[in-house]
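S.K.: What follows is the residue order along each chain.
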Amino acid sequence: MAVPDSGDDLTRLTATETAAKIASGDVSAVEVANAHLDRIRAVDGDVHAFLTVDEDGAIACAESVDDKRANGEPLSPLAGVPLALKDVVVTRGLQTTSGSKILEGWIPPYDATITRKMREAGVVILGKVNMDEFAMGSSTENSAFGASRNPWDLTRTPGGSSGGSSAAVAAFEAPIAIGTDTGGSIRQPAAVTGLVGHKPTYGGVSRYGLIAFSSSLDQAGPFGRTVLDTALLHEVIAGHDPMDSTSLDVPVPPVVAAAREGAHGDLAGLTVGVVKELGGEGYEPGVEAACRAAYAKLEEMGAKVVEVSCPHFGYALAAYYLIAPSEASSNLARFDAVRYGLRVGDDGVRGLEEVMSLTREAGFGAEVKRRIMIGTYALSSGYYDAYYGQAQKVRTLISRDFAAAFETCDVLVSPTTPTVAFKLGERVDDPMAMYASDLCTLPAPLAGLPAISVPAGLAAAPGGGPELPVGLQIMAPALADDRCYRVAAAVEAALGVLADKAPLLEGAK
Amino acid sequence: MTVTAVSFDEVTERYEPVIGLETHVELGTKTKMWCGCATGFGAEPNTQVCPVCLGLPGSLPVVNASAVEATIRIGLALNCSIATWCRFARKNYFYPDMPKNYQISQYDEPICTDGYLDVEVDGETVRIEIERVHMEEDTGKTLHVGGSTGRIHGATHSLVDYNRAGIPLVEIVTKPITGTGARAPQVARAYVTALRDVIRGLDVSDVRMEQGSMRCDVNTSLSPSGSGVWGTRTETKNVNSLRSVERAVRSEMIRQAGVLDAGGKITQETRHFHEDTGETTSGRSKEEATDYRYFPEPDLVPIAPDPAWVEELRQTLPEPPALRRKRIQQAWGVSDHDWASVVNAGAVELIEATIAAGASPESARKWWMGELARRANETGTELEALPITPSQVAGVQALVDAGRINDKLARQVLDGVLAGEGSPEEVVVARGLEVVSDTGALGAAVDEAIAANPDVAEKIRSGKVAAAGALVGAVMKATKGQADAKTVRELIIQKLS
Amino acid sequence: MPAISREEVAHLARLARLAVTDDELDTFAGQLDVILGAVARVGEVAADDIPPTSHAVPLTNVLRPDEVKPSIDREMVLLAAPAAEDGRFRVPRILTEEE
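Chains as they are written, first to last, in this note's numbering: chain H, 14 to 522; chain X, 2 to 498; chain F, 36 to 134.
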C-alpha cells in the first residue's frame with residue numbers, strides 16, 4: 014500500500030475536481046502539471062504508456078492557464094487539466110509516430126484540429142502515448158516501441174489500439190486521454206482497464222490531423238475515469254470542421270448535460286435492447302455475469318430491458334477485416350521514403366522503387382504488412398466485387414439491423430469485449446484470436462453509430478488471479494451520443510466508479 | 002520482320018483508323034482542388050504547398066466549389082448529361098510526384114457523360130461523341146538529374162516540386178471516333194481546336210497547349226478495311242500543339258500500318274511523340290494493364306448538383322463558338338470560302354478582339370489575314386502565338402486612320418512591335434516613322450522634285466494633273482516614304498498652277 | 036475457400052512495395068490464408084440487391100470557396116525530408132523498364 018503524499022492527492026482527482034480547484038485558485042495548473050509529470054516519472058517505467066513526454070510544453074500551457082486565471086479571464090471547463098494524447102494525433106513541433114518505426118522522429122508542421130481545440134481550451138497535453146502501430150491491434154503489442162501494460166495487472170495488456178491512453182489514465186498519470194476508435198480501439202481498452210471510453214458518431218469529431226487507418230471508420234474520442242470527465246472532454250473536441258469533409262455540421266450532442274442527468278439514476282421510459290448475437294460461445298462467464306448484473310441494475314432504475322436480434326452482426330468481423338485493411342492499404346501508401354519518415358537502403362545506386370520497398374519492409378510491423386496485403390488483395394480487379402464490394406453491402410445490412418432494433422429500443426447493450434484483459438504474448442501469434450477481441454465493438458463503427466464503454470464491475474480471469482475490469486457497451490442511434498452518456502452515468506451511479514479500485518502502483522524509488 | 006515504309010494514302014486504302022482523344026485541362030481557379038494553396042505560375046519550388054497537397058499524415062481533402070462549377074459548365078458546353086449524384090474515387094499507384102501515392106479522381110461515376118462536339122473539317126460537320134468529363138488532381142513536377150537529356154534514362158537521382166500537385170484538372174474523353182478515313186489526322190486536330198475554343202469561351206482555363214494547361218493524349222488503332230475487327234490501340238503522349246495532334250495521328254497510322262503489313266502485331270503501349278521528327282517512339286509498356294484498385298474516396302462525400310442550379314448554368318453559357326462564328330461571318334459578309342481561311346488561320350477571335358479595340362472590320366481582317374498571317378507562316382507559328390496583341394494591331398490602324406502613318410510605314414511599325422520594341426506609339430517615335438505633312442518641311446522636297454523633272458512639271462502646268470503622280474513618287478522616295486502623299490500632291494498642283 | 040499461394044502473397048507484396056523476406060512470405064502465406072478464409076464469410080450473405088455503404092452518415096455537397104489560404108513555410112516542409120536539394124525533395128533514381 015503506497016504512502017500518499019501531496020503529489021498523489023492531485024493525481025487521484027477527477028478532471029472535474031481538478032478543473033474546479035484550478036478555477037477557484039485552490040491549486041495552480043503548474044502544480045497539477047508537475048504532480049502528473051512526477052507520477053509519470055514514478056510509474057511509467059512499469060506501465061510504459063508514454064512515448065514522448067512534453068514537459069516544457071505542458072508547463073508552458075499550465076502557466077498560461079494560471080495567467081488567465083490571475084487576469085480574471087474566463088476559463089474553459091477543462092482548463093489546466095492534464096491529458097495523454099494518443100500518438101496517432103498530429104501535434105505541431107512534437108514527435109508523432111503513430112506507433113511506427115516509419116515515422117520515428119517525425120515532427121509535424123501542423124496541429125490536428127482536435128489538438129488545436131484542446132490547446133485553445135487550456136487542456137495541458139502531457140505528451141504522446143503508445144498505441145498499436147497505425148491503430149492496428151487490440152493490445153499495443155503491435156507498437157514498434159514495445160507494449161504498454163495494464164495497471165490492474167502488469168502481465169496483461171491494457172487493450173488496444175489506444176492502450177497507451179487507457180494505461181495512462183488507469184495508472185493515474187493523467188485523468189483524461191484521447192484515443193481513436195476504428196473497430197473498438199477506445200472501447201475495448203477502456204473496458205479492460207476499468208475506464209469510460211466513448212466512440213462518437215462518425216463525423217462528430219474532426220479527423221483532420223488523425224493519421225488515417227480506415228477513413229470511413231476512424232473517430233477520435235475521450236477516455237476518463239468517470240462518465241462526466243469523459244463527457245467534458247467530448248465537448249472540447251467535438252464539432253464541425255471545414256477541414257474534414259466527412260465532419261457533421263450539426264450542434265454537438267449535449268453529452269455533459271446528459272451525463273449529469275443520468276447520474277440521478279432514473280431511467281424510467283427507456284427501453285434497453287440486449288443484443289442476442291453478442292454473447293455465448295467465446296465469452297467468459299465472468300464477463301457475461303457482470304453484464305447481466307448491470308442489466309438488472311438498469312431495470313431497477315426503471316428501464317425496460319428486452320432481447321433483440323441483429324442477425325448480421327455475426328458478419329461484422331468479416332466485413333470489418335475487409336473494409337479497414339482495404340482503406341488502410343491505400344492510406345499507408347504515402348509512407349514511401351520521399352517526403353518524411355524513414356528512408357532505408359539509399360546507397361546512391363539503388364533505384365527509388367527498391368528504396369521504397371526496403372523502407373516499408375523495415376518500417377512497418379507484421380500486422381501492418383498483413384493488413385496492407387489483405388487490403389491490396391480485396392481491392393484488386395477480379396476480387397473487388399466478392400470482397401470489398403460485398404463487405405460494403407454487409408455494412409448496409411448491419412446498419413439496417415441497427416435501424417430495426419432502434420425502432421423498439423432507445424439503446425442497445427452488450428459486453429464491450431468477450432473477455433477480461435488477456436496476458437501479454439497470449440494472442441500475438443494468432444491474428445484471428447486477436448481480432449476476436451473486437452467482436453462486440455465492430456458493428457457500431459460499421460454503421461457510424463456512437464458507442465460507449467462504462468465499467469460494469471470485476472470478474473475473475475479464467476486462469477484465476479486478481480479480478481479484472483469488465484466493460485458494458487451502450488450503443489445509440491446516430492447523433493444520440495448523449496443517450497450513451499446518460500445511461501452510462503446511470504450505470505456508474507449504481508455501481509460506483511471502478512478506477513479508484515485500481516491497484517495503486519508504486520514506482521521504482 | 003522487315004517493316005517497309007508505307008505512304009499515308011496506302012494506309013487509308015487498306016485500313017480504317019479508329020482514334021480517341023483524352024484531354025486534360027488545368028482549371029484557372031485561384032486555389033488547388035482539395036486545399037487553399039495558390040495556383041499561380043512561377044513560384045519557387047515547394048512554396049505553394051500545405052499538409053493536404055503534400056499528403057502529410059493526417060491531412061484530408063476538401064472539394065473546391067469553383068472547380069465543380071467549371072467542370073459542370075464544360076460538360077454543359079459539350080452537351081453532356083450532368084450526373085444528379087456522383088463520387089470521387091482513389092486511383093492507386095506509386096510515383097514520387099503523387100504525394101499520396103493515389104490520385105483522387107472519378108472512376109465509374111463521372112460528373113458528366115454522353116455529350117458531343119460538332120467540328121468542321123473541309124466544310125463538313127463531323128460529330129465527335131464525348132464519353133465523359135470528370136474532375137481529378139494534377140501531380141507535382143519531377144526533374145531528373147544527371148542524365149544527358151534531363152530525361153529519366155541515365156539520371157542519377159530526381160528532384161520533386163509539389164507546387165503543381167493538387168491543381169484541379171478536368172479530363173475529357175471522347176468515344177472512339179470511327180469513319181474518318183484519311184481525314185483522321187485533321188479530325189483529331191479540328192476536335193482539339195474546337196474543344197479549346199469552347200473551353201476558352203467559358204473562361205475557366207487558359208487552355209494553352211504550349212504551356213501545358215491543355216494536354217492531349219491521342220489513341221490510335223487500325224482496323225483492316227471492311228473487317229469490322231478493331232485493332233490494338235496505342236496511346237501517344239507529349240503532343241504539345243494542335244499541329245502535333247495532326248502529325249501524331251498521321252505518323253502512328255503510318256507506323257501501325259507498316260507493322261501490320263509486315264505481319265507483325267501492334268503492342269498495346271504508351272508512345273512518346275517527338276516534335277522534331279514528327280514520329281513516335283515506345284514509352285512505358287502497358288504489357289500488364291496496371292490495376293489501379295479503384296474504390297470510392299472515403300474522405301470525400303458525393304456531389305449532387307442541384308438540377309435548378311445546373312439549369313441556371315446552362316442558361317448562362319456563352320454562345321457556342323461555332324454559332325458565334327456563323328453570326329460573325331454573316332455580319333462581316335464574308336464568303337464561305339474566305340471564311341474557311343479565316344477560321345483555319347485561327348483568326349476569328351483575334352480579328353474580333355481587334356474590332357473590339359476600335360479597328361474597323363475590314364482593317365482588322367486585312368492585318369491579320371494579310372501581313373500577320375504571312376509572318377506567322379514564315380516563322381512556323383500560329384497566329385495567336387505571335388508577340389502582338391489585338392489591341393496593338395488596332396493601335397497601328399488607329400495611327401493610320403489619324404494620318405500619322407501610312408500603310409507602308411504601318412508595316413514597319415508592326416515589325417517593331419513584333420520585335421518587342423514596345424507599343425505602336427513607342428515604335429513610331431523610336432524609329433521616327435511619323436508621316437510628314439507639314440507643308441513647310443515638304444516644300445523643299447517638292448521644289449527639288451519639280452526642278453529635277455521639268456518635262457513632267459510642264460505637263461502639269463498645262464493641265465495634265467494626272468502626271469503629278471510621278472512627282473509624288475519622287476518626293477516619297479526622297480523622303481523615304483514619310484511624306485503624306487495627299488499633301489505632297491496638293492503642294493505640287495498648287496505650285497504648278 | 037480461397038487458398039492464397041506463396042506466389043500470390045509475393046505478388047501482393049510487390050504491388051504494395053513491401054520487400055518481404057522469404058521467411059516472412061512463408062509465415063504470411065499461412066496467416067493470410069486463414070484470414071482470407073474468415074473474411075470470405077461476407078460472401079455467405081445474399082446481397083444482390085443491397086446497395087453498398089461507402090459513407091455511414093449520408094452527406095453530400097461539402098465544398099469550400101475558392102479562396103487562397105497561406106501555404107506552409109518551405110523550410111518547415113523540407114525539414115522532415117529524408118533528402119532535399121535546391122528546394123526540392125531528392126529521391127533515388129526512378130528506373131525505367133529496361134533497367
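Keep in mind the hints are simulated off the structure, nothing from the lab. There could be a bad hint or two in this list.
Unchecked claim - Below 30 angstroms or equal to it, Euclidean Cα-Cα: the simulated DSSO-like pairs (lysine-lysine) are:
no.	chain 1	residue 1	chain 2	residue 2
1	X	367	X	487
2	X	31	F	104
3	H	436	F	104
4	X	31	H	130
5	X	478	H	114
6	H	114	X	92
7	X	92	F	104
8	X	367	X	238
9	X	142	F	104
10	X	409	X	478
S.K.: Tell me the hint numbers this structure goes against, listed in increasing order.
M.R.: Numbers 3, 5, 8, in rising order.
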